[in-house]
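Colleague: Sequence:
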Amino acid sequence: MDIFTKEKRSKIMRAIKSKDTKEERLLAKALWRRGHRYRKHDRTVFGTPDLSFKKYRIAIFVDGEFFHGKDWESIQQRLDTNKEFWLAKIERNRNRDKIVNEYLASKGWLVLRFWSKDVKRKLYTTVRTIEKEIENVHKKIYFQDTPHQ
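Residue numbering for the sequence shown follows our numbering, starting at 109 and increasing by one per position.
The hints are simulated quantities; they were obtained by calculation from the structure and are not laboratory data.
Be careful, since some hints might not be right.
[To be verified] Calculated lysine-lysine pairs in the DSBU-like style (CA-CA distance at most 35 angstroms, straight line):
1) Lys230 x Lys162
2) Lys191 x Lys162
3) Lys127 x Lys215
4) Lys240 x Lys191
5) Lys191 x Lys248
6) Lys178 x Lys215
7) Lys178 x Lys225
8) Lys191 x Lys206
9) Lys163 x Lys148
10) Lys230 x Lys137
11) Lys197 x Lys230
12) Lys137 x Lys127
13) Lys191 x Lys163
14) Lys148 x Lys247
15) Lys248 x Lys127
16) Lys163 x Lys228
17) Lys163 x Lys248
18) Lys248 x Lys197
19) Lys197 x Lys247
20) Lys178 x Lys191
21) Lys240 x Lys215
22) Lys215 x Lys163
23) Lys240 x Lys228
24) Lys148 x Lys240
25) Lys130 x Lys215
In this text the structure is predicted, and so the values were computed from the model without any measurement.
Construct the entire structure; sequences and hints are all you get.
Modeller: Following this line, the structure appears as structure tokens:
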């Protein structure tokens, strides 16, 4: 049974943002401070990544644990209120994530997905992971464009 009234639960769920979450802003600011320039929610990139580096073809998503089904089996057991709705919604989100990942990869993009709590708890590690991927892609681009002798 839910500890909140139906009205209170509805108000709480309506307040949850789908973009510009605290974790997205935290990651974006950390990358910006380190000199990385990106686009936020670029609708010209399939799946509208939270952050994207078109130059390097890197798409970054910061996924909320509940809405994107982290520990999916556990979530299924814990749902009490409106279970069918939430199971269908989260399953659609998981399927959409998979489609976006596959499509972007087929177009030569690298997709990086981070759980929001990991961004919050391990910001430096997350930033370093992204920076390493930028370096790897940069090296590939540089060596592709350099004439072989």
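Colleague: CA of Lys248 to CA of Lys127, is that 35 angstroms or under?
Modeller: 31 angstroms, holds
Colleague: Given the hinted pair Lys230 and Lys137, is their alpha-carbon gap at most 35 angstroms?
Modeller: Within the cut-off at roughly 14 angstroms; holds.
Colleague: Within a Cα-Cα threshold of 35 angstroms, do Lys148 and Lys247 meet the stated pairing?
Modeller: 24 angstroms, holds
Colleague: Is Lys248 within 35 angstroms of Lys197, Cα to Cα?
Modeller: 38 angstroms, violated
Colleague: Within 35 angstroms, alpha carbon to alpha carbon, are Lys137 and Lys127?
Modeller: 15 angstroms, holds
Colleague: Would the hint linking Lys240 and Lys191 be met if the CA-CA limit is 35 angstroms?
Modeller: 40 angstroms, violated
Colleague: Compare the distance between the alpha carbons of Lys163 and Lys248 with 35 angstroms, and conclude whether the hinted pair is satisfied.
Modeller: 12 angstroms, holds
Colleague: Within a Cα-Cα threshold of 35 angstroms, do Lys191 and Lys163 meet the stated pairing?
Modeller: Violated. Lys191 to Lys163 sits at ~42 angstroms, over the 35 angstroms cutoff.
Colleague: Would you check the hint for Lys178 and Lys191, treating anything up to 35 angstroms between C-alpha atoms as holding?
Modeller: Holds, at roughly 16 angstroms.
Colleague: Sort out whether Lys215 lies within 35 angstroms of Lys130, counting only the CA atoms.
Modeller: Holds, because 30 angstroms separates the two Cα atoms, which is no more than 35 angstroms.
Colleague: Hey, Lys191 versus Lys248, does the alpha-carbon distance stay inside 35 angstroms?
Modeller: 47 angstroms, violated
Colleague: Decide if the proposed pair is consistent with the structure: Lys163 and Lys228, CA atoms, cutoff 35 angstroms inclusive.
Modeller: Satisfied, since the Cα-Cα distance of roughly 26 angstroms is no more than 35 angstroms.
Hints 2, 4, 5, 13, 18, 19, counting from the list given before, are not met by this structure.
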